[in-house]
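There are 2 protein chains.
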Amino acid sequence: MNALTDLNVPERILLGPGPSMVSSRVLRAMAHPLVGHLDPKFIELMKEVQEGLRYVFQTQNQMTLPVSGTGSAGMESTVANLLEPGDTIMIGVNGYFGERLCDMASRYGATVNRLDKPWGDVFTPEEIDAALKKKPAKVVAVIHAETSTGALTSLEGMAEVVHKHGALFLVDCVTSLGGIPLKIDEWDIDIAYSGTQKCLSCPPGLSPVTIGARAREAFHQRKTKVANWYLDMTMLEHYWGDERTYHHTAPISMNYALREALRLVMEEGLEARYQRHRENSQMLWDGLEDLGLRLIVPIERRLPSLTTVAIPDGVNDMEIRKRLLEDFNIEIAGGLGAFKGKAWRIGLMGYSSRKENVVLLLSALERLLKK
Amino acid sequence: MNALTDLNVPERILLGPGPSMVSSRVLRAMAHPLVGHLDPKFIELMKEVQEGLRYVFQTQNQMTLPVSGTGSAGMESTVANLLEPGDTIMIGVNGYFGERLCDMASRYGATVNRLDKPWGDVFTPEEIDAALKKKPAKVVAVIHAETSTGALTSLEGMAEVVHKHGALFLVDCVTSLGGIPLKIDEWDIDIAYSGTQKCLSCPPGLSPVTIGARAREAFHQRKTKVANWYLDMTMLEHYWGDERTYHHTAPISMNYALREALRLVMEEGLEARYQRHRENSQMLWDGLEDLGLRLIVPIERRLPSLTTVAIPDGVNDMEIRKRLLEDFNIEIAGGLGAFKGKAWRIGLMGYSSRKENVVLLLSALERLLKK
Numbered sequence: 001m002n003a004l005t006d007l008n009v010p011e012r013i014l015l016g017p018g019p020s021m022v023s024s025r026v027l028r029a030m031a032h033p034l035v036g037h038l039d040p041k042f043i044e045l046m047k048e049v050q051e052g053l054r055y056v057f058q059t060q061n062q063m064t065l066p067v068s069g070t071g072s073a074g075m076e077s078t079v080a081n082l083l084e085p086g087d088t089i090m091i092g093v094n095g096y097f098g099e100r101l102c103d104m105a106s107r108y109g110a111t112v113n114r115l116d117k118p119w120g121d122v123f124t125p126e127e128i129d130a131a132l133k134k135k136p137a138k139v140v141a142v143i144h145a146e147t148s149t150g151a152l153t154s155l156e157g158m159a160e161v162v163h164k165h166g167a168l169f170l171v172d173c174v175t176s177l178g179g180i181p182l183k184i185d186e187w188d189i190d191i192a193y194s195g196t197q198k199c200l201s202c203p204p205g206l207s208p209v210t211i212g213a214r215a216r217e218a219f220h221q222r223k224t225k226v227a228n229w230y231l232d233m234t235m236l237e238h239y240w241g242d243e244r245t246y247h248h249t250a251p252i253s254m255n256y257a258l259r260e261a262l263r264l265v266m267e268e269g270l271e272a273r274y275q276r277h278r279e280n281s282q283m284l285w286d287g288l289e290d291l292g293l294r295l296i297v298p299i300e301r302r303l304p305s306l307t308t309v310a311i312p313d314g315v316n317d318m319e320i321r322k323r324l325l326e327d328f329n330i331e332i333a334g335g336l337g338a339f340k341g342k343a344w345r346i347g348l349m350g351y352s353s354r355k356e357n358v359v360l361l362l363s364a365l366e367r368l369l370k371k
Numbered sequence: 001m002n003a004l005t006d007l008n009v010p011e012r013i014l015l016g017p018g019p020s021m022v023s024s025r026v027l028r029a030m031a032h033p034l035v036g037h038l039d040p041k042f043i044e045l046m047k048e049v050q051e052g053l054r055y056v057f058q059t060q061n062q063m064t065l066p067v068s069g070t071g072s073a074g075m076e077s078t079v080a081n082l083l084e085p086g087d088t089i090m091i092g093v094n095g096y097f098g099e100r101l102c103d104m105a106s107r108y109g110a111t112v113n114r115l116d117k118p119w120g121d122v123f124t125p126e127e128i129d130a131a132l133k134k135k136p137a138k139v140v141a142v143i144h145a146e147t148s149t150g151a152l153t154s155l156e157g158m159a160e161v162v163h164k165h166g167a168l169f170l171v172d173c174v175t176s177l178g179g180i181p182l183k184i185d186e187w188d189i190d191i192a193y194s195g196t197q198k199c200l201s202c203p204p205g206l207s208p209v210t211i212g213a214r215a216r217e218a219f220h221q222r223k224t225k226v227a228n229w230y231l232d233m234t235m236l237e238h239y240w241g242d243e244r245t246y247h248h249t250a251p252i253s254m255n256y257a258l259r260e261a262l263r264l265v266m267e268e269g270l271e272a273r274y275q276r277h278r279e280n281s282q283m284l285w286d287g288l289e290d291l292g293l294r295l296i297v298p299i300e301r302r303l304p305s306l307t308t309v310a311i312p313d314g315v316n317d318m319e320i321r322k323r324l325l326e327d328f329n330i331e332i333a334g335g336l337g338a339f340k341g342k343a344w345r346i347g348l349m350g351y352s353s354r355k356e357n358v359v360l361l362l363s364a365l366e367r368l369l370k371k
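Heads up: the sequence lines are chains A and B, in that order. Counting in our numbering, the first sequence runs from 1 upward without gaps. Counting in our numbering, the second sequence runs from 1 upward without gaps.
You can't tell identical chains apart in this list, so a pair holds if it fits in one copy or across any two.
30 Å max Cα-Cα, derived BS3-like pairs, lysine-lysine: (1) Lys-134 x Lys-117; (2) Lys-138 x Lys-225; (3) Lys-135 x Lys-225; (4) Lys-340 x Lys-322; (5) Lys-370 x Lys-342; (6) Lys-117 x Lys-183; (7) Lys-340 x Lys-41; (8) Lys-41 x Lys-355; (9) Lys-41 x Lys-322; (10) Lys-117 x Lys-225; (11) Lys-223 x Lys-138; (12) Lys-225 x Lys-164; (13) Lys-47 x Lys-322; (14) Lys-133 x Lys-183; (15) Lys-41 x Lys-342; (16) Lys-164 x Lys-117.
These are calculated hints, taken from the structure and not from any lab test.
Make the full structure from the sequences, and use the hints.
Set out below in structure tokens:
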């Protein structure tokens, strides 16, 4: 084979659905030489990472930890641990990631009750209530921020309904954690997962998960072993708990990065961070509408972290994205599934959510669409 | 919560069972700003990583890729994809990681035929042949380099026996890949996995896996979906194959690191690298014996990447390791399972395998054992 050259990848302006841009502080922390995964200093760092995650999740859950894989691994860890063959899960499907959750849950032998809504739509507590009255479930799952559609499902009042029916409330926070208000304890969410490469602006490779008392109890009530060794929380809780029992080798460098990314969130403060995400997205939305573009999701349920834009008739999706990337070094994304070829997805997450990026993207888009 | 300080972890001399030390070139590559996981430039890089992995595995297998988790995820990916409920796997258990493989395989509903040998011992083709005559199996698994014992199972002639009985040959190469001769194609191994944080000297976070034609055919012959979404090779083959279909977000930075680590292997050349591992370990072995210490594994099957040393009577395991870490900044490891409290595990892997590290460890150990 040919000899490899020096690493020669561009430094992109990342305005897609993730990974978002990463602060040089996080990159520097990640590049620190390694310690062992059972080193007392790494164990201190694990605690700090867990404390930082509790802050962004707004929870006191002891069992709050980064799963050693990207967001989909965190997603799978929740269903793998909650569900045994024959259990029922009700999943709100209003986009690509609800669909993925159905696929995963079925692999663990669960009965999947889909609650379908059109892409871009969201669920209300009343709808969950009505569905549970018809068909009870052990677990109810919704996607807080659907990365495929840009729609935000409001979680307030939802847990109450789910708990009234004796179910556990599972929430996908992949595109909300650290960018959009999310209050695990106040909203009484039993279990949630996220990714690091979205509003936390840390490279992909870890998946923050938080597990409350009811979900933890459900893990311990299982009759069968978790059908997934790597993601078995009954073992992971000893590795990330006080015992620090060896399970697998944690990705040391990724944890260095996550610690620094969480530190940046703490320095900024969650409220200020949420506001920055809202303000910059408002600026983007105004600018896109000034260009005559239509935003797919109505403002009342539009995500401040990810915006879906209808591709105008006669405009070549691939060509515009190619020109953005090649001429202006900007990444945005196309649509997934039902939105393929119909929507662009523009992310303003974490370190990517900056005024200079908004202005640059608007200006570049204007030039390309004029042609 | 308290504000976090700057990252302040030590720069250890890592002579345990992994992670090994990482070259500053790899750390710098890892710290490069990110591109998106579907960026054309990242897709080029994925190809380069795959080519580099084919070189270290000594294979032409198209399906050679880094699973997006640490070594145990790679391990689990092989059994999850090979085994369906009711299938039989024969696993050679001569240490901790054979044991782990049994646990994983059973979670996928497989019948596990254990072939047990004392810790530190190894398997021969004749033993595998005899065992398969008694009980056939769909898959036969052995650990090439047992990280818990320091013993090397010679793989030559083994596949022939396994294939004679119509089984697939699965090999754990976690502590051999890149440090000890391993010839996937020449030895006709059907499927193998490894970790990045051992002899490749890349931070933990990825798990190289290579899959030959027979194993791939077995994947496609499955009657049931793979009971693990994140590790489903029938989907991963489209992400890492020519289609590059989105599956999960690959850990971008870890792939930057792996590319550079593989580049370092290519620059050195595999043969020279194997020789360096052998020579430095020989120097370690001689030095340890000069100190009156007993090496647990006989030289003919002793790993050049990991050495197990019997802890002498009257010597406090924990105290010596603590002094090595605190006074000399050196990490070595204690024993796992049957070797707990009885053995130290000293790794000389990848970038850690250097004469200066050998001399330093011997000198530090001499001082501590004299006290």
